[in-house]
Amino acid sequence: MAEKAPMIELRTSPHVRRAQSVDQIMRNVVYALLPVCAFSVYQFGISAFALLLIALLACIGTEHLFCRLSDKPTTVGDYSAVISGLLLALTLPPGFPLWMAALAGFVGIALAKVMFGGIGLNVFNPALVGRAFVQAAFPVAITTWTPAFAPGRFTEFIPSTLTLPFTEPVAVTQWVKDLAVDGFTGATPLALQKFGNGALAHVTTSTTDLFMGMTAGSAGETSALLILVCGAYLIFRRMMDWRIPAAMILGTFVTAWGFFLLDPSSYPTPVFMLFSGGLMLGAVFMASDMTASPVTPVGVWIYGLLIGFLTVIIRLFGGLPEGVMYAILFGNAASPLISVVTQPRVYGTSGKKRKADS
Amino acid sequence: MANPASKQKPITADTFLRGLWEENPVFVMLLGLCPALAVTNSAINAIGMGGATTFVLLGSSALVSLLRKLIPKQVRIASYIVIIATFVTIVDYAIHALSLELYNALGAFIQLIVVNCVILGRAESFASKHRLTKSLVNALGVGVGFTFALLCLGSVREILGSGTLFGFPLFGDSYQPWVVMILPPGGFFVTGAWLLLFAWLKERKQRKVTQEKETVHAPG
Amino acid sequence: MTPPEVEKPVPSTPSSVAMISTLGLISMIAGLSVVLAFQFTDPIIKEKEHLALEQAVFRVIPGIDEERATRRSFALSADGLVPLHEKSAANANLFAVYDASGKLAGIAMEGAAQGYQDVVHTLYGYDPDCECIVGLTIMKSTDTPGMGDKKTVEGNAKFMANFSHLSVELAADKRSLLHSIETVKHGTKTQAWEVDAISGATITSRAIGKGLSKSTDELLPLISRHLQEISKNPEIKQKTETEVTQ
Numbered sequence: 001m002a003e004k005a006p007m008i009e010l011r012t013s014p015h016v017r018r019a020q021s022v023d024q025i026m027r028n029v030v031y032a033l034l035p036v037c038a039f040s041v042y043q044f045g046i047s048a049f050a051l052l053l054i055a056l057l058a059c060i061g062t063e064h065l066f067c068r069l070s071d072k073p074t075t076v077g078d079y080s081a082v083i084s085g086l087l088l089a090l091t092l093p094p095g096f097p098l099w100m101a102a103l104a105g106f107v108g109i110a111l112a113k114v115m116f117g118g119i120g121l122n123v124f125n126p127a128l129v130g131r132a133f134v135q136a137a138f139p140v141a142i143t144t145w146t147p148a149f150a151p152g153r154f155t156e157f158i159p160s161t162l163t164l165p166f167t168e169p170v171a172v173t174q175w176v177k178d179l180a181v182d183g184f185t186g187a188t189p190l191a192l193q194k195f196g197n198g199a200l201a202h203v204t205t206s207t208t209d210l211f212m213g214m215t216a217g218s219a220g221e222t223s224a225l226l227i228l229v230c231g232a233y234l235i236f237r238r239m240m241d242w243r244i245p246a247a248m249i250l251g252t253f254v255t256a257w258g259f260f261l262l263d264p265s266s267y268p269t270p271v272f273m274l275f276s277g278g279l280m281l282g283a284v285f286m287a288s289d290m291t292a293s294p295v296t297p298v299g300v301w302i303y304g305l306l307i308g309f310l311t312v313i314i315r316l317f318g319g320l321p322e323g324v325m326y327a328i329l330f331g332n333a334a335s336p337l338i339s340v341v342t343q344p345r346v347y348g349t350s351g352k353k354r355k356a357d358s
Numbered sequence: 001m002a003n004p005a006s007k008q009k010p011i012t013a014d015t016f017l018r019g020l021w022e023e024n025p026v027f028v029m030l031l032g033l034c035p036a037l038a039v040t041n042s043a044i045n046a047i048g049m050g051g052a053t054t055f056v057l058l059g060s061s062a063l064v065s066l067l068r069k070l071i072p073k074q075v076r077i078a079s080y081i082v083i084i085a086t087f088v089t090i091v092d093y094a095i096h097a098l099s100l101e102l103y104n105a106l107g108a109f110i111q112l113i114v115v116n117c118v119i120l121g122r123a124e125s126f127a128s129k130h131r132l133t134k135s136l137v138n139a140l141g142v143g144v145g146f147t148f149a150l151l152c153l154g155s156v157r158e159i160l161g162s163g164t165l166f167g168f169p170l171f172g173d174s175y176q177p178w179v180v181m182i183l184p185p186g187g188f189f190v191t192g193a194w195l196l197l198f199a200w201l202k203e204r205k206q207r208k209v210t211q212e213k214e215t216v217h218a219p220g
Numbered sequence: 001m002t003p004p005e006v007e008k009p010v011p012s013t014p015s016s017v018a019m020i021s022t023l024g025l026i027s028m029i030a031g032l033s034v035v036l037a038f039q040f041t042d043p044i045i046k047e048k049e050h051l052a053l054e055q056a057v058f059r060v061i062p063g064i065d066e067e068r069a070t071r072r073s074f075a076l077s078a079d080g081l082v083p084l085h086e087k088s089a090a091n092a093n094l095f096a097v098y099d100a101s102g103k104l105a106g107i108a109m110e111g112a113a114q115g116y117q118d119v120v121h122t123l124y125g126y127d128p129d130c131e132c133i134v135g136l137t138i139m140k141s142t143d144t145p146g147m148g149d150k151k152t153v154e155g156n157a158k159f160m161a162n163f164s165h166l167s168v169e170l171a172a173d174k175r176s177l178l179h180s181i182e183t184v185k186h187g188t189k190t191q192a193w194e195v196d197a198i199s200g201a202t203i204t205s206r207a208i209g210k211g212l213s214k215s216t217d218e219l220l221p222l223i224s225r226h227l228q229e230i231s232k233n234p235e236i237k238q239k240t241e242t243e244v245t246q
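Protein chains in written order, with the numbering used here: chain A, 1 to 358; chain B, 1 to 220; chain C, 1 to 246.
If you are wondering where the hints come from, they were derived from the structure by calculation, not from laboratory data. Just so you know, not all the hints are guaranteed correct.
[As the list claims (entries may be wrong)] Derived pair list, reagent style SDA-like, types lysine to any residue, alpha-carbon separation capped at 25 angstroms:
| no. | chain 1 | residue 1 | chain 2 | residue 2 |
| --- | --- | --- | --- | --- |
| 1 | C | Lys214 | A | Phe317 |
| 2 | C | Lys140 | B | Ala108 |
| 3 | C | Lys151 | B | Ala38 |
| 4 | C | Lys46 | B | Leu98 |
Using the sequences and the hints, build the whole thing.
Dropping the structure here:
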């Protein structure tokens, strides 16, 4: 039995095109992310651009460094570190100090990806692990929001962006005051809904604004429309499992709707839940991370619904206004188990196999 | 029980150093991780915990070693636990009396020394088979090794997490502390980083040894 | 197959007397040393805890000369007011502070409510004359360091200023508070009974405010009923008497 069995590759027709390779898929995800990045730069100016650039460089640099340390050929070329870098930057507040962003990139790649053995072996989404780390390390900086569409955003940085490494971020309160953007309270719509006084707070942000991304928030988590369009491109090219975002959105909607029906005066509408915060970005680009999600069709539905459900629960009852990040990390952790439980029946075997055995 | 006492090897530097470095309870044997992760959010806490554990180690090793011929094999674990618990209670009172602040910071983890497997391990595998002085030297080595490991964790976590060492500010007012480092996850991160460093050092040393062997063998 | 089994000696079980006597001996040694340690450290521990509580109590009543002020502990509940001896002060929920002349300077009470990580324990000073809270200290908070821990909260001068004159006026019938303490979002305090939260540590601020409002709602109406009793300071009287006799 020492001989190698001959390999026969079976494919269904048409036999014209090759199957997609990993870096091909990854490259297309990057293409799909570019419009989102461009919009965030348009929205928040050069601070967002610097943030994207630094997070990108940190992720690529970390991956390259660890490949060299372990005497392996560098894996930077497969574009997965690029995606992690862009996604990480998109989840951070636009005025986030650059040195903290670089740290987040380093921790995300080193801790969540390289330590597990690189691409294809990571249990958690590296970008989210990086973000979770800085969320725990710098709780104040990561909840300091600046208004979108500030007048001088293409010529000057948000003051906190250029903070010297290892020092406290420069206070932005005065800067925000000088801008005098009407009605800006330093809080995202979600934070307003959670910590604002009275149940009417969530009504103040119109759904259209949320949908188009005209509100304060993380660099890339504000325009639901754009993200959906980019996601549709990936689904159209069959580079993403459409079930994951669909299941996650469905899970969020149903859970939020349930609470809304229970008590409309104290719980926000399901539509608000869908279009606020990082839910769209999370559903389309993060939960769908190929290596950290289940592989079985049923498992994918369970995975998406679970994340959607958890997101609403964390948002409504947790200590933080935003729950997408932790919900996805939790889903990542559960996905191997989901895969095991939902193994499809092997063709030709009976579903009641155990009975026959005994 | 015929020949042990007379045939014991003499105390060497190794008796002490083994626990300190080669068999370091935290970094090599991965024992006693509960206090190592839980209370090392500052260097002072680390030293307090290490000191308390060392005291319990010394006391219990001495008593177990003295009574080793008296304790029947069947009830030895029960006896060791009672002895260890005694010293834990004493050290609990002592820390409470010495410093309220340290006592509050260490919390329930002083009492939990009683289930620290480092101590029971020493009693079972060393003190119950060796003479008093040798047991004491060995216990001291393990205790110092444990304290050293805790201090390694505690100082890194305190420097990053609050920008201070032993309560003295290191970086000035504008330093941004990494809050996560003094929270429980920080304990895991720092422990992991130290383990990585130790494993890397060990591997490099081994590689050097094999290389030397090869170079020696090659001409011959 | 059988020879090796025969060769093995069956381990002999020592008599139970030996086992029991060994365990007894060890327990005796253990008990003796624990009792000795307790005897030796107990007074020191009591002294230190007493001192720590004393300092905290005096800290929340401003304008007190710690050297000459005195303190009495009470257990106050709907059933009535019970003066407590120093030794059972652990059950006290009320600490009355008297200035050098023996006049009631303020009352310290404890507040507790669920914070971000765990219950936040506070001690606050109440001045019955102005019917307001005059001081606050955090006894225990495990909330996020750098945001809601003791050092950060107490270092926030703007937040602590809330508690230098926080109105807890009683309603006319003295059965409830006119306005319960309320925690409002940072920068929106308009009323004397509102607590202006720390921006970025809203949850901890709310826990502190909630602990205060729970405690004041329950205890202040009771205090107003027993104020006469609390105001009297028998210790001072005794002291002056002994001074006279000497």
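These are the hints, each one checked on the structure:
1. The hinted pair formed by Lys214(C) and Phe317(A) meets the criterion: a straight-line CA distance of about 22 angstroms does not exceed 25 angstroms.
2. With a C-alpha separation of about 15 angstroms, the suggested pairing of Lys140(C) with Ala108(B) holds against the 25 angstroms cut-off.
3. A threshold of 25 angstroms between alpha carbons decides the hint, and for Lys151(C) with Ala38(B) the separation of about 20 angstroms falls inside it, so the pair holds.
4. As the CA atoms of Lys46(C) and Leu98(B) are separated by approximately 12 angstroms, the hinted pair is consistent with the 25 angstroms bound.
When the structure is compared with the earlier hints, no violation turns up for any of them.
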